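Using the hints provided, position chain B relative to the given structure of chain L.
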Amino acid sequence: MEYMNKTIEELHELLKSGKVTSKELINESLERSHEIQEKCNAFVTIMDDAKETNVTDNLLSGIPYGIKDNYSTKGILSTGSSNTLKDYIPFFNATAIENLDKSGAVPVNKTVMDEFGMGGTGTTGHTGIVRNPWDLSRMCAGSSAGSACAVAAGVYPYATGSDTGDSIRKPAAYCGIVGYKPTYGMISRYGLFAFASSLDHCGVLTRSVKDAAIVVDNMKGIDKNDMTTWDSSNMHLYDSIDGKVTGKKLCYIKELCDINMYPNASNELKEHLSNFNKALDKCKSLGMEVCEVSIDKTLLNALASVYVVISCAEATSNMSNLTGFIFGPRGEGNNYIDMMKDYRTRGFSPLIKRRFIIGSYVLQAQNKDRYFHNAQRVRRLLVDEWNKLFEEFDAVILPVGSGPAKHLDGSLDILDSNTTALEEHLQVGNFGGFPSITIPDGFVDNLPVALNITGKCYDDINVLNIAYALEEAMDYKNKIAKEVK
Amino acid sequence: MAKFTRDMVIDYADKLLIGLTDEEVQMVLDEFEVIDKNIDLINEIPNISDVTPMTHCLDNFEFELREDVVEESTDIDDLLQNCDSTLDREVKVPKVVEDNGIHE
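Chain order of the listed sequences is L and B. Under my numbering, think of the first position of the first sequence as 1, with each following residue one higher. Under my numbering, think of the first position of the second sequence as 1, with each following residue one higher.
Next up, chain B with everything else stripped away, as it sits in the complex:
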């Protein structure tokens, strides 16, 4: 198992679009060391790999398909009221597709 390194922390932070200070990187590494030690202990539990992972609190959820009934949609003005930059009825964002200079 590759050790969780400073470079890896920075790489993951970058993928999550989060910037970290040096101090914050060290905090991640310190906390992770404790987790890693505990995971080592977990791996020593006999036949741990045979246990089915538990993903929810309750195993007896009952799911029903609802009738396909048209419901009133949320008003667009309501949806946009928390947006800092809008144009008419849409969210305004900077240009996503860069101009690469190729024109046909």
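Looking at chain L on its own, in the form it has when it is part of the complex:
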């Protein structure tokens, strides 16, 4: 009997009725972790000594889960998938992990990510690339690559993720699962390795919308250690999901979704957008109104650069504490400067180095207005556009990316002039702190593709409810990845 392919609700029932024990679930999850590690390289650490917990009324009690390696975990290696922290063992838990601990959840592994979250391919972690469990020659996307891979492969029902640009929601799409980032500040970032603080969100990867709601209910909460958190104690996400969506209004953006916008569209893109249109029909059949809207293309085309400029600038500052003196492997040299330079040169991957230099350049006094402040200005214009949509609509619904998971051999994670707004639009969710969820909406070439639903700040329940109703109307939830190629 296999259990790790089941939902949290199902596992809870089985545990409560004594049909399975927490220990048995942990053993299955660990065994599956080792199998997936062989195939996909999804983990930095597998906790073979994970201990069972008491089964209580909490839905997460006794159930195994995974933790992205940029969450601080007390006494457990936490590397952020970087050589600069390859031996770092925190003496405290991130608040979100502490909250899950209190729920009785059992962590069984730490998952591989793009180094410090600064990548979208799952190929820049210090332990090597993460492979997509549907097709080992393809990427999982990133940065929460290992978490997405493991949940899709049925290692456990959920894993934590973090999302600065689309790092939960894109890997979820490529792996055929659900990725949910709640409103900024709902989950404390204390103990999450900072990348770009004004954009960083904690969240979760699951195989169903209800599971995502259950997990975030248990991660969230105001925290005196993160002054950007707010009190959400009156929001009960899981209990509020009722699937009633009749009369809800959705919109999609013509400039992103109309196939005529892509004169050289690949077959994958055509099928992806056709799938998306079928999902829109489902929305209509559920009694929702779906409208097409337009957004200025200049703003949409600027999206990716706005993200790079802001995130690199913030990252340069956040990561200046990586010296190799107080933590991290000490560099070699005759003086402290040479030692730091040795540590940072050898420790950071080329991608990170590149981003730090761009971040430093855009923050120089003579460049700041042209690059950094202009990026922040366009951030406001984009967020204002989305907020205007939210005055009329309950949520924006859009396809994720331009098709299924990309091949690893063409995966150089460099921003180039071919990058389309379609690939990058989820970043608006980080610019505005909007609640945003990706759910699978079909298959292209036997590989999963997905759509995203994003709503206004603090309207998480509405977003989850729409996602849940649509998920129920389609046939793609709770899928376990099967190698198709």
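Simulated from the structure, these hints should not be mistaken for laboratory data. Computed from a predicted structure; not experimentally measured. For glycine and all other residues, C-beta sits at the position ideal for the given N, C-alpha and C. Treat the hints with care, as some may be off.
[What the hints assert, rightly or not] With a Cα cut of at most 30 Å, we get these calculated DSBU-like pairs of lysine-lysine:
no.	chain 1	residue 1	chain 2	residue 2
1	B	Lys37	L	Lys406
2	L	Lys51	L	Lys102
3	L	Lys388	B	Lys15
4	L	Lys297	B	Lys37
[What the hints assert, rightly or not] With the Cβ distance kept under 8 Å, some of the chain B side facing chain L (calculated, not the full set):
no.	residue
5	Thr5
6	Val9
7	Pro46
8	Leu58
9	Gln81
10	Val97
This is chain B only, laid out in the frame that chain L set:
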């Protein structure tokens, strides 16, 4: 606007205490060229300079001063457990002030 040159990339890398290979320098320049083109487009947005830069997701943060209550500090042994070189209860580093030969 001065162009972002190879020498500038190396200079910034040096200030950040990061060494770059020739290939890595070229990658920075290639990526920056794309960003620069997009920033040119942004500059064409009418009245862009009148927009207030957005620095945070939420504009309604409420900040409260907490009571000034003494809390337990982190144990020094915990703080030092990830440090590769310590002396007693302190981080050990090489001498920072060089001996310049002047003695009074």
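Comparing the hints with the structure gives:
Our distance criterion of 30 Å between C-alpha atoms is met by lysine 37 of chain B and lysine 406 of chain L, whose separation comes to about 26 Å. The straight-line distance between the Cα atoms of lysine 51 of chain L and lysine 102 of chain L is roughly 14 Å, inside the 30 Å bound, and the hint therefore holds. Under the criterion of a C-alpha separation no larger than 30 Å, the hint pairing lysine 388 of chain L with lysine 15 of chain B is inconsistent with the structure, at around 43 Å. A threshold of 30 Å between alpha carbons decides the hint, and for lysine 297 of chain L with lysine 37 of chain B the separation of about 15 Å falls inside it, so the pair holds.
Given the 8 Å rule on beta carbons, the hint for threonine 5 of chain B is violated: about 11 Å separates it from the nearest Cβ of chain L. The criterion of a C-beta within 8 Å of any C-beta in chain L is met by valine 9 of chain B, whose closest approach is roughly 6 Å, and the hint holds. Checking proline 46 of chain B against chain L by beta carbon gives a least distance of about 10 Å; that is not within 8 Å, so the hint is violated. Here the hint on leucine 58 of chain B is kept, as its CB sits about 5 Å from the closest CB of chain L, short of 8 Å.
Against a cut-off of 8 Å between C-beta atoms, the interface hint on glutamine 81 of chain B holds, since the closest Cβ of chain L lies about 7 Å away. Hint status for valine 97 of chain B relative to chain L: violated, with the closest Cβ pair at about 11 Å, above 8 Å.
When the structure is compared with the earlier hints, violations turn up for hints 3, 5, 7 and 10 and for no others.
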